[in-house]
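Peer 1: These are the residues of each chain, in order.
2 protein chains.
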Amino acid sequence: MAVKQGRFFSSKIVSSCDEAVKEIKDGATIAVGGFGLCGLPENLIKAIEHAGIKDLSCISNNAGIDGFGLGKLLRTKQVKKMFSSYVGENKNFEEQYLNGSIELELIPQGTLVEKLRAGGAGIPAFFTPTGVGSDVANGGFPIKFKPGTSEALIASEPKEERIYNGKRYILEESLTADYSLVKGWKADEAGNVIFRKSAQNFNNDVARAGKICIVEVEEIVPTGSIDPDCIHLPHIFVQKLIKCDHYEKPLEVRTVANEGGGRNSDIFKGPAGEKRKRIAERAAKNIKDGMYINLGIGIPTLAANFIDPKITVTFQSENGILGLGEFPKEEDVDPDLINAGKQSVTVVPGASYFSSGDSFAMIRGGHVDITFLGGMQISQEGDLANWIIPGKMIKGMGGAMDLVGGAREVVIMMEHVAKGNSLKVLKQCTLPLTRDRVVSELITDMAVFRWDENRKMILTDVASVSSVEEIRRFTEAEFEVADELGSY
Amino acid sequence: MAVKQGRFFSSKIVSSCDEAVKEIKDGATIAVGGFGLCGLPENLIKAIEHAGIKDLSCISNNAGIDGFGLGKLLRTKQVKKMFSSYVGENKNFEEQYLNGSIELELIPQGTLVEKLRAGGAGIPAFFTPTGVGSDVANGGFPIKFKPGTSEALIASEPKEERIYNGKRYILEESLTADYSLVKGWKADEAGNVIFRKSAQNFNNDVARAGKICIVEVEEIVPTGSIDPDCIHLPHIFVQKLIKCDHYEKPLEVRTVANEGGGRNSDIFKGPAGEKRKRIAERAAKNIKDGMYINLGIGIPTLAANFIDPKITVTFQSENGILGLGEFPKEEDVDPDLINAGKQSVTVVPGASYFSSGDSFAMIRGGHVDITFLGGMQISQEGDLANWIIPGKMIKGMGGAMDLVGGAREVVIMMEHVAKGNSLKVLKQCTLPLTRDRVVSELITDMAVFRWDENRKMILTDVASVSSVEEIRRFTEAEFEVADELGSY
Chain A
1132 MAVKQGRFFS
1142 SKIVSSCDEA
1152 VKEIKDGATI
1162 AVGGFGLCGL
1172 PENLIKAIEH
1182 AGIKDLSCIS
1192 NNAGIDGFGL
1202 GKLLRTKQVK
1212 KMFSSYVGEN
1222 KNFEEQYLNG
1232 SIELELIPQG
1242 TLVEKLRAGG
1252 AGIPAFFTPT
1262 GVGSDVANGG
1272 FPIKFKPGTS
1282 EALIASEPKE
1292 ERIYNGKRYI
1302 LEESLTADYS
1312 LVKGWKADEA
1322 GNVIFRKSAQ
1332 NFNNDVARAG
1342 KICIVEVEEI
1352 VPTGSIDPDC
1362 IHLPHIFVQK
1372 LIKCDHYEKP
1382 LEVRTVANEG
1392 GGRNSDIFKG
1402 PAGEKRKRIA
1412 ERAAKNIKDG
1422 MYINLGIGIP
1432 TLAANFIDPK
1442 ITVTFQSENG
1452 ILGLGEFPKE
1462 EDVDPDLINA
1472 GKQSVTVVPG
1482 ASYFSSGDSF
1492 AMIRGGHVDI
1502 TFLGGMQISQ
1512 EGDLANWIIP
1522 GKMIKGMGGA
1532 MDLVGGAREV
1542 VIMMEHVAKG
1552 NSLKVLKQCT
1562 LPLTRDRVVS
1572 ELITDMAVFR
1582 WDENRKMILT
1592 DVASVSSVEE
1602 IRRFTEAEFE
1612 VADELGSY
Chain B
1132 MAVKQGRFFS
1142 SKIVSSCDEA
1152 VKEIKDGATI
1162 AVGGFGLCGL
1172 PENLIKAIEH
1182 AGIKDLSCIS
1192 NNAGIDGFGL
1202 GKLLRTKQVK
1212 KMFSSYVGEN
1222 KNFEEQYLNG
1232 SIELELIPQG
1242 TLVEKLRAGG
1252 AGIPAFFTPT
1262 GVGSDVANGG
1272 FPIKFKPGTS
1282 EALIASEPKE
1292 ERIYNGKRYI
1302 LEESLTADYS
1312 LVKGWKADEA
1322 GNVIFRKSAQ
1332 NFNNDVARAG
1342 KICIVEVEEI
1352 VPTGSIDPDC
1362 IHLPHIFVQK
1372 LIKCDHYEKP
1382 LEVRTVANEG
1392 GGRNSDIFKG
1402 PAGEKRKRIA
1412 ERAAKNIKDG
1422 MYINLGIGIP
1432 TLAANFIDPK
1442 ITVTFQSENG
1452 ILGLGEFPKE
1462 EDVDPDLINA
1472 GKQSVTVVPG
1482 ASYFSSGDSF
1492 AMIRGGHVDI
1502 TFLGGMQISQ
1512 EGDLANWIIP
1522 GKMIKGMGGA
1532 MDLVGGAREV
1542 VIMMEHVAKG
1552 NSLKVLKQCT
1562 LPLTRDRVVS
1572 ELITDMAVFR
1582 WDENRKMILT
1592 DVASVSSVEE
1602 IRRFTEAEFE
1612 VADELGSY
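Residue numbers (my numbering), protein chains in the order written: chain A, 1132 to 1619; chain B, 1132 to 1619.
Bound conformation, chain A alone (with noise of 0.2 Å):
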């Protein structure tokens, strides 16, 4: 249980981030809000970097990049181990992790946040159907490496996993830290604090598992002068707070409108791009009017662009927005505003912002009606493997299992065979799982794929360009053929 120590009796303002930092002892375990680059307390971190603060246990999304954001303590080894659930944006990290250096214990995005919702809530454990059925709830997976091997030093352990309404869950215990640091945009003098958009991410659940949350904000307003109703985090959860002259707000990804965009873009143009324009063009098709979707990155963000102009559908971002738009103008690229991708977007009337714990709960508790995620590998049970290649790729799972443990209705876009024509679609998958018997449906450039409630696997269309014959050949899975094939 988080309890507050040490409260500040006369004004929660100090002059400085150096003066803010100065109490954080070695070895201390720090909270840190953001999402990518979006919604860093870039000051604070700076600070602890100049006072040399070793040997700290990092809970952070993210691990920043090369020299920017938690980057930078990484870069001086001045942390000692890492919570995170995407790290694939810093290669100096993955690195050290690589080679036994660091520590990193790969959570779940939204468990992450959950687990951080909890700890400041007074919850010291819960049950949560992400990561049932992938190495979160089986263990074993490296934490750290033994120097120069790939065998792990120290190993994940197992969850204990109980059946709630005939559907698994596993126990995730919280997280709490000695210190929060918080990226707000406005706080009254009082110490009540408003995030702006979708920098508001982690910071508002980080903020409430510290002991001391210590805040750095644009600007300081007079108390009273911020809507009681619209107060994001109240003076109670924070106990220091600076206001900052400087941000850099770097973006990770600048994505601006293009005119030659949308359905003809050069991203569909050649052959690889006609098998992405097929698949996004058939996942197009399952969207109807009024769903609430989460498209993943890559080729199912690609969709969006063949979906039936006469209906409305809502997108949700995993880092906190309800009702995505098109990639901004370039004179409105906002770093305050990226989407799951790290992408600079925009919002359609009616959007909403909040914090990535809603966000995840919205996701969790079955309120977004369909996601498409990319694929690595599929099983003919309908297992998923889209998130890691020991040895090779270690970047984290992001929100994947998240997505697949949560939304309604799971469908996978990918390219039905990889490079060098291995196969993808296997009795088994090789790689480890996202989950496992999750995947609704399958859309590749040659095949659709649905599974029924016994988890059979039947094929429902065959790509104008190939044939029951070519898919089963390109195919390891045994499948049955729907009486009625579709075309696309």
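Check each hint, because a few of them may be wrong.
[As the list claims (entries may be wrong)] In the PhoX-like style, the derived pairs of lysine-lysine whose C-alpha atoms are separated by at most 25 Å in a straight line are: (1) A:K1419 <-> B:K1342; (2) A:K1153 <-> A:K1177; (3) B:K1342 <-> B:K1153; (4) B:K1298 <-> A:K1290; (5) A:K1441 <-> A:K1416; (6) B:K1153 <-> B:K1203; (7) B:K1290 <-> A:K1298; (8) B:K1342 <-> A:K1298; (9) A:K1277 <-> A:K1523; (10) B:K1298 <-> A:K1342; (11) A:K1460 <-> A:K1380; (12) B:K1290 <-> B:K1211; (13) B:K1441 <-> B:K1419; (14) B:K1153 <-> B:K1208; (15) A:K1185 <-> A:K1277; (16) B:K1400 <-> B:K1416; (17) A:K1342 <-> A:K1203; (18) B:K1211 <-> B:K1156; (19) A:K1342 <-> B:K1419; (20) B:K1317 <-> B:K1380; (21) B:K1290 <-> A:K1290.
Source of the hints: derived by calculation from the structure; they are not laboratory data.
Dock chain B against chain A, hints included.
Peer 2: Just chain B now, with coordinates in the frame of chain A:
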């Protein structure tokens, strides 16, 4: 897991409450927002009464009053079972429960809202400190009486208990509903909802726990006219939306600022008043600059009159307010702004409003420094009984079990001896416990006791009108006497 069924693709706006509830079937489970009579979906409840839907299971913090809110459906016997934390305001309901004609599952207020939050968030179960060391954990509490007897026909089950970091927790399962009935303030045409002041209370978590969520509001504004950073309930959670023209909004306890109030109030006159004053004055000395405080209903509230005017403290009210102020002037009374005692109140500059879920996360997570509560009996190990007299008074525990399970310091304020000179400070409590081994300090009109870390009871202060001898005479519990005794 709450899975939304039956999306409403064209518009979520329906023309009347009758229209909105017509699909609800006999035997449905409905979760209903509101706290006391504040923020009640009063028009939807009326429509259910008119529709004559029967055998309902109702999840609602309170049971309304006879003739208003859920009291309507209870009077017409449309309700089969209630899930509530406090039903004390409805005599008709209490009668039905005691004579065995209705089922009641009493659930601590914070646990109730967390069960709804979890239900909406895809969390099937969680561990909580609330209810440990009480019949909530131990089971055996009557859910339904055998008609005409005081024997339980159905009794509550014991809960699984587990230790985390040396502290005890119990496992609670989540709640979902077929329908959520919610009262918002404003919505936009897309279905985004904002609440007003303390009328948010249970509404936000109730909304998310329903398969179909029906929201009534006072105003519908064009989509895009609510700040996306200030939306309390994003439209993904809303399936039907109705604008209602008429609201009664009755106030349960109209309290107004009284010029003769404060330290010189009539409540402190006479022999009983003097005792109250002595207790309240002494309790106020425990309040330090910067503290966050929750004051229970009754004698604890009186402590606020005696706080050193040189210090600044913040009062939390568990229905969703941080920064309670004085009672309002007559013209400022607002039925959307009440405290946990259902009294009309005001707030101070820098106050904030939030959901009941967030409020109890704040309490349970150890963010409230101190809670002052009334007591019926205290044992020598600091067990507290303050919520029920079996067979006589079954109102519910409200938030008391959450407050004692979560606040950093639990101070009990009560008269030392009950009417008829029966003792209240005992070796063992004879009444059912609110929690065992939990009281930090007991302040009575005769004495102050503290409990040390080994749960040894120590007399620390003797009231100027009393003596150690008199205290021993009126105290069954065995206690030690501090080396230096204070006086008050």
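Peer 1: If a hint holds in the structure, say so; if it does not, say that too.
Peer 2: Status of the hints after comparison with the structure:
no., hint, result
1, A:K1419 <-> B:K1342, "holds, 19 Å"
2, A:K1153 <-> A:K1177, "holds, 12 Å"
3, B:K1342 <-> B:K1153, "holds, 16 Å"
4, B:K1298 <-> A:K1290, "holds, 21 Å"
5, A:K1441 <-> A:K1416, "holds, 13 Å"
6, B:K1153 <-> B:K1203, "holds, 18 Å"
7, B:K1290 <-> A:K1298, "holds, 21 Å"
8, B:K1342 <-> A:K1298, "holds, 18 Å"
9, A:K1277 <-> A:K1523, "holds, 16 Å"
10, B:K1298 <-> A:K1342, "holds, 18 Å"
11, A:K1460 <-> A:K1380, "holds, 18 Å"
12, B:K1290 <-> B:K1211, "holds, 24 Å"
13, B:K1441 <-> B:K1419, "holds, 10 Å"
14, B:K1153 <-> B:K1208, "holds, 19 Å"
15, A:K1185 <-> A:K1277, "holds, 22 Å"
16, B:K1400 <-> B:K1416, "holds, 21 Å"
17, A:K1342 <-> A:K1203, "holds, 24 Å"
18, B:K1211 <-> B:K1156, "holds, 13 Å"
19, A:K1342 <-> B:K1419, "holds, 19 Å"
20, B:K1317 <-> B:K1380, "holds, 16 Å"
21, B:K1290 <-> A:K1290, "holds, 21 Å"
The structure meets every hint from the earlier list without exception.
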